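S.K.: Sequences are here, hints too, so could you generate the full structure?
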Amino acid sequence: MADFNPSPDFTARTMQAVRRYEAELRHKENRAGVFLQSKSGLWILSAGGALFGVLNLIRLASTLLFPALCR
Amino acid sequence: MNAHAKNSGRNTLAAVFWGFALPGLGQVYNGELVKGISFIILLLTASALGIRGALLLPDHLLIYGVLATLILAGALGIYALVDAFTHASRAENSYPLKSYNRWYFYLAFWLLGHVIIGMGQGYMRDHYMEAYKIPTSSMEPGVRQGDHVLADKTAYQRIAPKKGDVVIFANPDNRSMRFIKRIEALPGDVVTRPDGTAQKVPHGFAYVLGDNRARSVDSRHFGFIPLRDIIGKVRQVYFASGTKGILWHRIGTVVGG
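First to last, the sequence lines map onto chains A and G.
The opening residue of the first sequence carries number 1 in this note's numbering; numbering runs sequentially from there.
The opening residue of the second sequence carries number 1 in this note's numbering; numbering runs sequentially from there.
It should be emphasised that the hints constitute simulated quantities derived from the structure, not laboratory data.
Mixed in with the good hints, there may be bad ones.
Unchecked claim - Label-pair restraints from in silico Cβ distances:
1) G:I41 with A:Q37: 28 to 38 Å
2) A:V54 with G:A198: 54 to 64 Å
3) G:T86 with A:R13: 40 to 50 Å
4) G:P58 with A:R59: 21 to 31 Å
5) A:V54 with G:P135: 47 to 57 Å
6) G:Y123 with A:R26: 43 to 53 Å
7) A:V54 with G:E140: 31 to 41 Å
8) A:S7 with G:T86: 26 to 36 Å
9) G:N93 with A:F35: 16 to 26 Å
10) G:S176 with A:A50: 30 to 40 Å
What the hints assert, rightly or not - With the Cβ distance kept under 8 Å, some of the chain G side facing chain A (calculated, not the full set):
11) F17
12) L70
13) G74
14) Q121
15) A131
16) Y132
17) I168
18) R175
19) F179
Values in this document were obtained by computation on a predicted structure and should not be read as measured data.
Even glycine gets a Cβ: it sits at the ideal position worked out from N, Cα and C.
M.R.: Printed below as a string of structure tokens:
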């Protein structure tokens, strides 16, 4: 195999690619974080959580709330 | 993968949201998978023990035992929420992501958790206690139309059925239908059939009648019922409604002999 002779700016180009990749990852992480901190995100989480809470309460008492019929 | 992507703070509202979705899921969000699974197991175990314990109480206390079990289960759910919130607030700034901190893992955990809880509830309903609504007047005045009753499915594991017990059993002509009647005669007793003939109740069978003879389809029509078809013993009215609304005075009424 021939010896590999990297170009003079190989290191620089590689590190630029790595930093671009890291920035993309940070952007994705930040998007989730920004959404969770936004007003709509808070409303959605709160409303969704409340809905789940109510549904779980109904499920907890479902045997009493939805009895079987008996003649 | 860089260190920043692996360190993402926990959001307290997200932890509470997942906790509302399923008790234990908030703990999974916070990186406590074993704790999250333990919450589900604890919830099911506490519910099962609570219902079994309630069934051992005297008839007039059954409804309180069931309520106490529901409150206990609710309290466990609230504790799971508070725990998820507390641990998320401690990890708000920095939290090393675990391999299962992915939205699809939360979704799978949520689905599986609800399936397991559903199976647990189904088991308790099939083997411990079930609630029934009475749409007919065949058992009046003891059990009225509009009554909601609790049937103990473990009663006859401890003692044999006796005369006067109000029981739920599978309709001999349509086994998907449930009937409620009172045991009038047991094996060895002699009953007078509608045609006037006397007949001994055979071994392994019972003779059941509705209290409201004029409006009841019972052993006078379909004959003896196998004792093994008795599903449970009716013990208490937990809710009652009529044409004038909720009948508060009937709630807690003890049923049967």
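S.K.: Each hint should be assessed against the structure and marked as holding or not.
M.R.: Now the hints, each set against the structure:
| no. | hint | verdict |
| --- | --- | --- |
| 1 | G:I41 with A:Q37: 28 to 38 Å | 34 Å, holds |
| 2 | A:V54 with G:A198: 54 to 64 Å | 58 Å, holds |
| 3 | G:T86 with A:R13: 40 to 50 Å | 47 Å, holds |
| 4 | G:P58 with A:R59: 21 to 31 Å | 29 Å, holds |
| 5 | A:V54 with G:P135: 47 to 57 Å | 28 Å, violated |
| 6 | G:Y123 with A:R26: 43 to 53 Å | 48 Å, holds |
| 7 | A:V54 with G:E140: 31 to 41 Å | 36 Å, holds |
| 8 | A:S7 with G:T86: 26 to 36 Å | 54 Å, violated |
| 9 | G:N93 with A:F35: 16 to 26 Å | 18 Å, holds |
| 10 | G:S176 with A:A50: 30 to 40 Å | 37 Å, holds |
| 11 | F17 | 4 Å, holds |
| 12 | L70 | 6 Å, holds |
| 13 | G74 | 7 Å, holds |
| 14 | Q121 | 7 Å, holds |
| 15 | A131 | 4 Å, holds |
| 16 | Y132 | 4 Å, holds |
| 17 | I168 | 6 Å, holds |
| 18 | R175 | 13 Å, violated |
| 19 | F179 | 6 Å, holds |
The structure shown violates the earlier hints numbered 5, 8, 18.
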